[in-house]
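Knowing the structure of chain B, use the given hints to seat chain L on it.
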Amino acid sequence: MVLRTLLVSPFPPARDGLATYASQLYTTLVSEGRSVEVLSPDPSAARYSADLKTPAGVARAIRIGRRFDRVVVQFHPETFFYGMDPLHFLQGWVGLMFLFTFSPNLEVVVHETPHKAAGRLDGLRAVLWGVLWRRPATVSVHTEAERQAMADEYSLAPEKLTVIDHGAGFTRHSQATRSEARSSLGIEPDCFVFLCAGFIQPHKGFDRAIRALRCLDGGHLRLAIVGEMRVWTPEHQAYLDLLRSLAASDRRVMLHDGYVSDETFDRWIIASDVVVLPYRHIWSSGVAERADLYGRPVIATNVGGLAEQVSSSSYVVSDPEGLTRAMAQACGANLDNVEACFGPTDLLVAGAAGRLGSSRDDLQRLVTQRAGVLRDWYDPLDRSERRVLDVPVSDPLEGPLALPGGRGGIGPKAIAQRVVSRLIDWRVVPIALYVNAMRERMLGDERLHPEQASSSERADGADAGAPVRTTSKQPGRRRPSSGPTPRK
Amino acid sequence: MKGPIAVVSATAGSNVGGAEAMLRDVATGLAERDWKVEMLTTAAEDIYTWSNVAEIGSRDEGPLKVRRFEAVGLTQPLRDRLSNRILAGDKLTMAEQYRWANAGMRVPGLYDFLVEHAQDYQAIVCGPYMFWAGLVLADVAPERTVLFPCLHDEPFARLDLYKFMMGAVRGLWFQTEPEFELASRLGLIGDRYAFVGSAVTNPGNIDVDAFRSRYHVDGDYLFFAGRREWGKGWPQLMEDLAFARQVLGDCVPLVTCGVGEIGSLGERLGVTDIGVVSDDDRASGQAGALAYVQPSAMESFSRTVLESFLLGTPVVANWHSAVVRWHCERSGAGLTYSNRYEFAECMRLLRECPQDVTSLAANGPSYVRSDFTWPAVIDRVENALGEWF
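In order, the protein sequence lines correspond to chains B and L. Residue 838 is where the first sequence starts when you use our numbering, and the numbers rise one by one after that. Residue 6 is where the second sequence starts when you use our numbering, and the numbers rise one by one after that.
Keep in mind the hints are simulated off the structure, nothing from the lab. Predicted, not measured: the structure shown is a model, and the values here were computed from it. Please note that the accuracy of each hint is not assured.
As the list claims (entries may be wrong) - Computed list of lysine to any residue pairs in SDA-like fashion (alpha-carbon distance at most 20 Å, straight line):
(1) L:K168 / L:T206
(2) L:K96 / B:V1272
(3) L:K96 / B:V1265
(4) L:K96 / B:V1266
Stated by the list, open to error - Cβ-Cβ distance ranges computed for the label pairs, FRET-style:
(5) L:R163 / B:F935: 52 to 60 Å
(6) L:E272 / B:L1270: 27 to 35 Å
(7) B:D1199 / L:E159: 57 to 65 Å
(8) B:A974 / L:Q81: 51 to 59 Å
(9) L:S375 / B:I1268: 40 to 48 Å
(10) B:P923 / L:V120: 19 to 27 Å
(11) L:Y53 / B:K1250: 32 to 40 Å
(12) B:V968 / L:S88: 39 to 47 Å
(13) B:Y919 / L:A59: 52 to 60 Å
(14) L:P113 / B:Y919: 19 to 27 Å
(15) B:G1169 / L:S375: 56 to 64 Å
(16) B:V1257 / L:R232: 53 to 61 Å
Idealized CB from N, CA, C, for every residue including glycine.
This is chain B alone, in the form it adopts within the complex:
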């Protein structure tokens, strides 16, 4: 008797890495003669669909699942949660609890934990997740590092978790040769091509690869960045803008932001010499598996299970210098420029050799230079810059929105105000705070870029032409030899 399996996962046609993964798994299982059907959260090529973020959808999935001998859930938080705020978290958690409890022979393959999705995991949530992960018969991850991380974060017995090969079901989508692939993509045959491929998102760190390339000499070098924005948010747009701006500064960078078919995606891998995965965080990478499928070496950052996932011929790096050196080694470029890009890379040696300089200004300059590199590495969209507080700025809202304040009094009007306040403050206050934060950000931007905000005011300096106060009514005033001179 053939076991009947229900696969619960996003499914094609969809621009989604998990859908691609599920599609390949489905193809492999079917080719092996298994009986498999798919339930996807959105309508798709799958036989069934159910919105797993809603109680009705969960009930439908349970009802359908009970017709099968085994249910395999490809888990990603976005499939089950509208958001990770307390209300939505609780709603999603209850749905998952039902699904995990009433599905027969449940196997869950975890592609990303809520820890990464939520940004933080507080104690109570960790406990609730732990309860959830104990329900399925099997919970699988793709690397040993993920297994250990889950066991630690949710207090699970490691034997509860199994490790499965991420690329086990992967198949080739292109049979092109390298020269055919390069020709079709407009790449010169004698170039050395680094490839960053995948959805364009800040955590993918493609900007890191551009910055590393800038440190390498060689007109024959190319860095192809290929992918599309999976979701539009101001942050994703800002990141794409950053990539465009960086790419415009180096003609060797080829940025292709837009739809890429599975076949074209693979053709880019075939055309490349090295696949670069400079991720800021990730659990495991389908791109790494696809690179391996075509025998391309990988340069990857040491995050999540990547180090474990990539082949022995690949490079694993932890910092900007490491990435640059790995790319230089891979293409045989000169390493001399690395230090010029990052400042002295070995401070201890530099210090002993007296190369740091002995003055305070030398050290402060070094701190600032290296901090810029560090910020680019960790969060290139971080705007926490030095602000020039004394530059006059224009206020877009003519003052911040007032937050609901004290409403004293005992009359009917005061009571009514308090009632209304109780009813709406929980929604109004966050919005007002958000708008005020936006206003602050705008004011901050003007302070950061005063030349755009008030170039005429800055031209001569706000104080440059102001008279020095020479009133006789300042007997105690002292004028130090250095430092700014006070002016009225």
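Just chain L now, with coordinates in the frame of chain B:
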């Protein structure tokens, strides 16, 4: 004997803030130069609760006569509600601003005393600007009042009532040029002002070995002495320290003294909290540190930074404090950081080539001794008093 002069301070306890300590030092310095000086203050010694601890009344303490009045505590819910609106950038009406000021610690007995006796003093010196008595003096005896604003950039400094207060009094005494520049930007400067500066005293008994032994401190360490609270930049320091650990793997451990909790993040980071200690122990801790950390963005003078300079300890300080940045840049004895990345790089420098950072400290003592000594400050105070009164 010259004077008499009244120095009005919120507290004269042993564990006070920088402004109150400075006022007491000025009062003492004048008294030692044959001025008749009275300190008018409260019986409170805790700036959080303002509970009256000392004996109310008048008594001689060294060269000073100290009159203590009862502090009336905070009207907390109102104070908090209005403070939150100010911090959120809301514009309060003048009536609301006075309501906020009167919901803080106030001293009705001092008001009565000043109504009756303000004219008995040649001059009345008060500070810092947020102390309730400043508003009283601007009403009761503006022509005799000199204010040490001890100003730093914060939303409260932008309240209109302080603009009126500082415009009403006889004059303002500033401790540093960045403080003056801030006052100027905020439109707080009246007809008269003077730079009288401020100073730190030579530390007492320094015994680093005894400090290490007493508090079980081994190896290199960073030191922070002060209130562990938001206003002093403590939570941000913990975040920055955590980030530095993430980047560097480890970094120089932090030892801290003072009031306030170090928080759960501080505990996870292994911060050593030695609590409230004597001045000698604090100075010994500063002297033995690889670097002194000043995370506060809201400083008007920063005595601890100058004490560290004097003790030959380099400083790693928050760039957003204009006055601390000014000290570090002018002295060459400290580095500044404006974000977590620069903080991490400062920590990297301290870990990997500490000798380059500690060599900066050689610039510190001469900087302090050339500009920030009490004799020089009292000279300038006397000059200002002589010219203004």
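Results of checking the hints against the structure:
Proximity of K168 (chain L) to T206 (chain L) is assessed by CA-CA distance (about 32 Å); at most 20 Å being required, the pair is judged violated. Simply put, K96 (chain L) and V1272 (chain B) have alpha-carbon atoms about 16 Å apart, close enough for the 20 Å limit, and the pair holds. For the suggested pair K96 (chain L) and V1265 (chain B), the alpha carbons sit about 18 Å apart, so the restraint of at most 20 Å is met. For the hint linking K96 (chain L) to V1266 (chain B), the alpha-carbon distance of about 16 Å falls within 20 Å, and the restraint holds.
Roughly 54 Å separates the CB atoms of R163 (chain L) and F935 (chain B), a value that falls within the hinted 52 to 60 Å. The hinted window of 27 to 35 Å between E272 (chain L) and L1270 (chain B) holds, with their beta carbons roughly 29 Å apart. At about 33 Å, the CB distance of D1199 (chain B) to E159 (chain L) disagrees with the hint of 57 to 65 Å. At about 56 Å, the CB distance of A974 (chain B) to Q81 (chain L) agrees with the hint of 51 to 59 Å.
Distance hint check for S375 (chain L) and I1268 (chain B): the Cβ-Cβ separation is about 53 Å, which falls outside the suggested range of 40 to 48 Å. The beta-carbon spacing between P923 (chain B) and V120 (chain L), approximately 55 Å, falls outside the hinted interval of 19 to 27 Å. Checked against the hint of 32 to 40 Å, the pair Y53 (chain L) and K1250 (chain B) passes, with Cβ atoms roughly 37 Å apart. Look at V968 (chain B) against S88 (chain L): about 41 Å separates their beta carbons, and that is inside 39 to 47 Å.
Separated by about 59 Å at the C-beta atoms, Y919 (chain B) and A59 (chain L) satisfy the suggested range of 52 to 60 Å. Taken as a hint, the range 19 to 27 Å is violated for the pair P113 (chain L) and Y919 (chain B), whose Cβ atoms sit roughly 56 Å apart. In this structure, G1169 (chain B) and S375 (chain L) meet the distance hint of 56 to 64 Å, their C-beta atoms being roughly 57 Å apart. Taking the beta carbon of each, V1257 (chain B) and R232 (chain L) are about 39 Å apart, not inside 53 to 61 Å as hinted.
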